[in-house]
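So the sequences go chain by chain: A, B and C.
Residues in the first sequence are numbered consecutively from 0, following numbering that gives the first Met the number 0.
Residues in the second sequence are numbered consecutively from 0, following numbering that gives the first Met the number 0.
Residues in the third sequence are numbered consecutively from 0, following numbering that gives the first Met the number 0.
Honestly, the hints are just simulated from the structure, not real lab data.
Hints should not be assumed to be uniformly reliable.
Straight-line alpha carbon distances no greater than 25 Å define the calculated DSS-like cross-link-like pairs of lysine-lysine that follow [what the hints assert, rightly or not]:
#: 1; chain 1: C; residue 1: K74; chain 2: A; residue 2: K39
#: 2; chain 1: C; residue 1: K106; chain 2: B; residue 2: K160
#: 3; chain 1: C; residue 1: K229; chain 2: A; residue 2: K25
#: 4; chain 1: B; residue 1: K13; chain 2: B; residue 2: K78
#: 5; chain 1: C; residue 1: K106; chain 2: A; residue 2: K44
#: 6; chain 1: A; residue 1: K25; chain 2: A; residue 2: K39
Ranges between beta-carbon positions, derived for each pair [what the hints assert, rightly or not]:
#: 7; chain 1: A; residue 1: I18; chain 2: B; residue 2: L34; range: 46 to 52 Å
#: 8; chain 1: C; residue 1: G142; chain 2: A; residue 2: K39; range: 32 to 38 Å
#: 9; chain 1: B; residue 1: A50; chain 2: C; residue 2: E78; range: 22 to 28 Å
#: 10; chain 1: B; residue 1: A9; chain 2: C; residue 2: W112; range: 36 to 42 Å
#: 11; chain 1: B; residue 1: I164; chain 2: C; residue 2: S12; range: 47 to 53 Å
Facing chain B, a subset of chain C residues (Cβ under 8 Å, in silico) [said to hold, decoys possible]:
#: 12; residue: T39
#: 13; residue: I66
#: 14; residue: L70
#: 15; residue: L72
#: 16; residue: W73
#: 17; residue: L127
#: 18; residue: A131
#: 19; residue: M144
#: 20; residue: R147
#: 21; residue: L152
#: 22; residue: N159
#: 23; residue: F165
#: 24; residue: L168
The C-beta atom is built at its ideal place from N, Cα and C for all residues, glycine as well.
One-letter residues, chain by chain:
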Amino acid sequence: MDNFGFLFAANAFVWGGIIYYVFTLKQRSRNLEKDLELLKETIDKESQ
Amino acid sequence: MNLYFNQISAIVWKDFVTELKTRELFSSMFIFALLVILIFIFSINLSIVKASEVGPGVLWVAFLFAGTIGLNRSFMLEKENGCLTGLMLVPADRTAIYFGKLISNFIFLLIMEFFILPLFMIFFNVDLLAHIGSLATVVLLGTLGFCALGTLLSSLSSNLKTREIMLPILLYPLLIPIVIGVVRMTGQILEGIPLSDMMKWIGLTASFDIIYIGVSIMTIDHILEE
Amino acid sequence: MDQDLEKEPDEESTVLIWLTGIVFFAAIAAIFIIVPTEKTEGPIQRIMYLHIPSAWLAFFAFFIVFISSILFLWKKEREWDIYAHASAEIGVVFCSLVLITGPIWAKPIWGTWWVWDARLTSTLILWLIYVAYLMLRSQTDAGSMRARYAAVLGIVGFLNIPFIHFSVLWWRTFHPQPKVISSEGFGKGMDTSMLATLGVSLCAFTLLYFLLMGQRIRLERLKDEVDRLKRQKLYSS
């Protein structure tokens with residue numbers, strides 16, 4: 000039976016999906032860290 | 000205990016008086032259900048399919064859609080004039096508010112269904128009167144389940160910005176088991192199968208009603224909290 | 000659960016990352032090299048080693064949402080709300096993967112992309128419930144109200160699972176039963192190497208769940224910290 004194509008597609012979706020999700024998690028946390036950094040700087044500046 | 004029942008009946012009475020004055024809830028639900036049935040009749044060819052096969056589905060979809068309108072409307076009325084805040088200021092148990100709304104929603108829906116069923120009978124050319132007892136049981140069980148979960152979720156969604164959209168999105172997936180159950184049972188009733196042959200569906204619907212009323216009692220305090 | 004937000008993933012999570020990596024490596028090796036090809040279905044049957052673990056992970060994640068929701072309503076601690084949110088999101092991701100791999104498996108075996116098979120249907124309904132849960136969260140502002148509402152929905156949604164299961168199962172019995180190829184095939188027609196591969200894969204996905212949870216929880220804490228600082232700045236200026 001020749002259904003390698005389907006096997007490949009399923010694997011592409013699973014691994015692609017997991018990697019994409021991890022990537023978005025990283026992206027979101029990087030953005031938040033940037034925001035945090037910025038906020039801390041401004042607060043420090045104001046308090047001086 | 001007597002006080003508790005008085006509180007519930009006061010809420011139900013308030014809803015009835017409002018409805019008798021405006022009549023907007025009943026008329027909008029009734030006309031909407033009628034329209035849903037008509038749209039289905041135009042989109043299916045009744046000369047090909049058997050009425051007893053598609054009929055129950057159409058009927059319950061109409062009840063479901065019209066019921067959603069009713070639920071949305073009923074909590075919006077409370078919200079609009081700050082009635083809900085007033086209700087919550089009353090030294091009443093929160094579950095009394097839930098039961099009050101549940102009972103008034105339930106009765107409004109039953110009245111609407113009472114008027115829709117004869118029309119359904121005429122349009123689909125099915126004989127409901129022969130099985131009126133078993134049909135009434137199924138309608139009562141199904142509507143109670145719809146109202147139990149619907150009242151809980153509409154009290155939740157009434158505080159959201161997008162309440163009209165969120166109520167069906169939250170409610171419909173959760174209602175799928177009960178919809179499958181009542182549509183199956185109604186279909187079998189129309190084919191003349193006695194109620195005792197579908198005890199498993201009755202059990203499923205009844206336990207759905209009981210469990211969701213129980214869960215609502217336990218969680219309503221957390222929803223109606225300011 | 001007091002951990003410094005600034006610190007990079009600490010030692011524990013480094014261990015977890017390595018462990019997950021190794022088990023995943025073993026699982027992939029087992030799936031594609033060691034395990035024999037199934038006779039009747041051919042290579043496509045290897046999807047099972049990803050399909051079932053994804054389903055398990057999704058279900059486990061939804062169970063954690065349920066438990067966290069109860070604990071939140073009981074204790075009213077933000078911690079449990081974070082767990083519920085993180086777990087729901089991960090659950091929806093893997094539930095989507097199940098719904099994608101299911102039809103891809105069904106097409107060559109059953110000949111159609113979608114059959115209203117009991118299990119596929121209940122997974123779809125479950126997916127809809129938890130997507131609604133995430134929508135509810137995204138449409139309300141952060142705070143006690145969002146947490147309470149989400150917790151109620153988390154409880155109501157999980158309690159629906161037995162009803163969905165039975166209603167969909169009985170609903171199907173009126174139609175010709177499709178050839179069900181899923182965990183029903185346990186024991187029969189599965190030799191030990193297949194079971195072992197499935198076991199390794201299940202382990203790998205479970206570890207992945209905890210890894211993703213750790214990341215997702217950290218993200219939520221960062222968000223809280225940013226909100227707190229923003230508020231602080233607003234009031235100080």
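Hints the structure fails to honour: 1, 2, 5, 8, 9, 10, 11, 12, 13, 14, 16 and 24
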